[in-house]
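Participant: Below are the chains, spelled out letter by letter.
Number of protein chains: 2
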Amino acid sequence: MYIHAVSHYFPSEVVGNEHFTRLNGLSSEWITERTGIRERRKAAPDENTNTMALEAVRRLFDQTAIDPSQIDLIVGATYTPYDTIVTLAHVVQHNLGVPDIPVISVSTACSSLINAVEVVEGYFAMNKATLAVVVVSEHNTAYNNETDTVSGHLWGDGAAALLISKERISDEDMTIHTIITGGAATSGKATTGVMLKPLEQGVLMPHGRDVFINACLYMPKVSLQVLEKHNLTIDDVDYLIPHQANLRISLNVINTLKLPETKLLSNIQKLGNTGCAGCAIALSENRALFKKGQNIVLTVFGGGYSFGAMLVEV
Amino acid sequence: MYIHAVSHYFPSEVVGNEHFTRLNGLSSEWITERTGIRERRKAAPDENTNTMALEAVRRLFDQTAIDPSQIDLIVGATYTPYDTIVTLAHVVQHNLGVPDIPVISVSTACSSLINAVEVVEGYFAMNKATLAVVVVSEHNTAYNNETDTVSGHLWGDGAAALLISKERISDEDMTIHTIITGGAATSGKATTGVMLKPLEQGVLMPHGRDVFINACLYMPKVSLQVLEKHNLTIDDVDYLIPHQANLRISLNVINTLKLPETKLLSNIQKLGNTGCAGCAIALSENRALFKKGQNIVLTVFGGGYSFGAMLVEV
Chain Y
1 MYIHAVSHYF PSEVVGNEHF TRLNGLSSEW ITERTGIRER RKAAPDENTN
51 TMALEAVRRL FDQTAIDPSQ IDLIVGATYT PYDTIVTLAH VVQHNLGVPD
101 IPVISVSTAC SSLINAVEVV EGYFAMNKAT LAVVVVSEHN TAYNNETDTV
151 SGHLWGDGAA ALLISKERIS DEDMTIHTII TGGAATSGKA TTGVMLKPLE
201 QGVLMPHGRD VFINACLYMP KVSLQVLEKH NLTIDDVDYL IPHQANLRIS
251 LNVINTLKLP ETKLLSNIQK LGNTGCAGCA IALSENRALF KKGQNIVLTV
301 FGGGYSFGAM LVEV
Chain C
1 MYIHAVSHYF PSEVVGNEHF TRLNGLSSEW ITERTGIRER RKAAPDENTN
51 TMALEAVRRL FDQTAIDPSQ IDLIVGATYT PYDTIVTLAH VVQHNLGVPD
101 IPVISVSTAC SSLINAVEVV EGYFAMNKAT LAVVVVSEHN TAYNNETDTV
151 SGHLWGDGAA ALLISKERIS DEDMTIHTII TGGAATSGKA TTGVMLKPLE
201 QGVLMPHGRD VFINACLYMP KVSLQVLEKH NLTIDDVDYL IPHQANLRIS
251 LNVINTLKLP ETKLLSNIQK LGNTGCAGCA IALSENRALF KKGQNIVLTV
301 FGGGYSFGAM LVEV
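Going down the list, the sequences are from chains Y and C.
Numbering-wise (the UniProt record's numbering), the first sequence opens with residue 1 and increments by one.
Numbering-wise (the UniProt record's numbering), the second sequence opens with residue 1 and increments by one.
Some hints could be false.
Which copy? The list can't say, so a pair holds if one copy fits it or any two copies do.
Here are the simulated SDA-like cross-link-like pairs (lysine to any residue), alpha carbons at most 20 Å apart as the crow flies [unchecked claim]:
{"id": "1", "residue 1": "Lys292", "residue 2": "Arg34"}
{"id": "2", "residue 1": "Lys270", "residue 2": "Arg248"}
{"id": "3", "residue 1": "Lys270", "residue 2": "Asn286"}
{"id": "4", "residue 1": "Lys197", "residue 2": "Asn145"}
{"id": "5", "residue 1": "Lys128", "residue 2": "Glu228"}
{"id": "6", "residue 1": "Lys189", "residue 2": "Val150"}
{"id": "7", "residue 1": "Lys263", "residue 2": "Ala65"}
{"id": "8", "residue 1": "Lys229", "residue 2": "Asp72"}
{"id": "9", "residue 1": "Lys258", "residue 2": "Asp238"}
{"id": "10", "residue 1": "Lys166", "residue 2": "Thr51"}
{"id": "11", "residue 1": "Lys128", "residue 2": "Lys221"}
{"id": "12", "residue 1": "Lys258", "residue 2": "Gln201"}
{"id": "13", "residue 1": "Lys258", "residue 2": "Ser187"}
Because the hints were derived from the structure by calculation, they are not lab data.
These figures come from a predicted structure and were not determined experimentally.
Isolated chain Y, as found in the complex (with noise of 0.2 Å):
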């Protein structure tokens, strides 16, 4: 399966540390320091999680010529619903205007996409797509309390959007190679390190370091696995993409598989933790910095907990 196309979008608004230090009194070096976030962008009073999606698939169109109606599938992954029945995928279906095709909407927290495109490589398996649209949106800011000391500078928002193929539509498109998720809720403070219950407020962190310590661990380890199944070791690695949480643990991941700072890809310092849009939003920020041949692992980890990995060659 190929990636013919890949997109995004995050808010205008830019809220930098000084925000928190205003609101809670931590300092921006402090924050800097122990997340890498500098500032994040939050959604205007008329954005929410669908209108992000609807925007970043409105820019994944914009680069390609293929129209709308040969879409035959549509996955959409958030833990920060805006109506959780009109999903963000339904609102993608409803603009795009392609009737009756198999639309649905995902959530393992931050490790959501890549649990989404491998949705997608089953209905390729079964034969009942051969075109998708994943898309991938968080509004962090609707639901965190920013007040919380702990986790409420953490969070922001944005959006991505991938156009995924069965078969190659262009020279230019990225392959993947191989998709590994699995559920991690066995492990550690799994069931109460990050909670998001909607009729309580905030996105709780309680046990921030088990969240830590596990998404240190599970990343590298799936992501080994990934190269392991295709025949690659870590030094084919070009670029790793990891789960934009925490700069500390991003770099702790690198070194875990001693790959140099250099192919580290990172948003999180000026867009926050985005959840599970951040991985997608630093790929397509990132798509003109690639070669082709070049191999690039995106790695996840979400609360819950939920890990993931998937080798994409450019």
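Given the structure of chain Y, go ahead and fit chain C onto it with the hints provided.
Facilitator: Frame of chain Y, contents of chain C only:
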């Protein structure tokens, strides 16, 4: 693929129509005449989407000699999440104690049961799984605004679980022959017909008539499609289990299909609309009724909109 076991759970508290008479002045006769609903179940204060899912899965494994350690995939579904990060699928993994298998939760509103089973079909097709738990759970009363005179009286709570295998495990297994799902977000008032915005109050159904019309259109249509795909006709159907949204919709569906009322299985009278769990609860409740060789069509329609059908041979 096969349904090796199916189970259900609903809470013990019964809420009769008189509750809404006291609250909103709606007479019990008026509610029953328009919806078929006489009573519905309400989760206890210490219950939620995740606890009901766990109870349904506990009952699932009471029915089989299969050990949970053999499970290699868990798919959850709900539009009334207790936690969008620690999803129902993740707590099920946690409780079953099976590490590192794919775990995913989906939402396509009231049609999610069939979507979840189709995701399993995809994992089977990829050879990434052979034995899956599908768990559907809705805690409608957590989100419902009871004082809403339009739809406050419709909703009930409940959960169900299915153990689905790629290969036949026992002679008692039911065979899943054909699954079709589709988004219908381009039809009617799809994006405003039914909504659940977690940060606003209530499951809203401002366009009940449009939902009614499209449910009555799509469920018969997709039921005939799954039959046709398996070279059967409506005369081969022994039971139809439609999404349990409204008894008048169910009766309209069987009238369109020219099926006798004796072939309709309903639980809405005593459970109300239990969302994506309704059909699966009905399958579980009526398991002893089914005889070898009988054909059952499950068909669903959800807000957003979305639809699906599944042909099951006993």
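Participant: May I ask which of the numbered hints given earlier this structure violates, with the numbers listed in increasing order?
Facilitator: 1, 7, 10, 12 and 13
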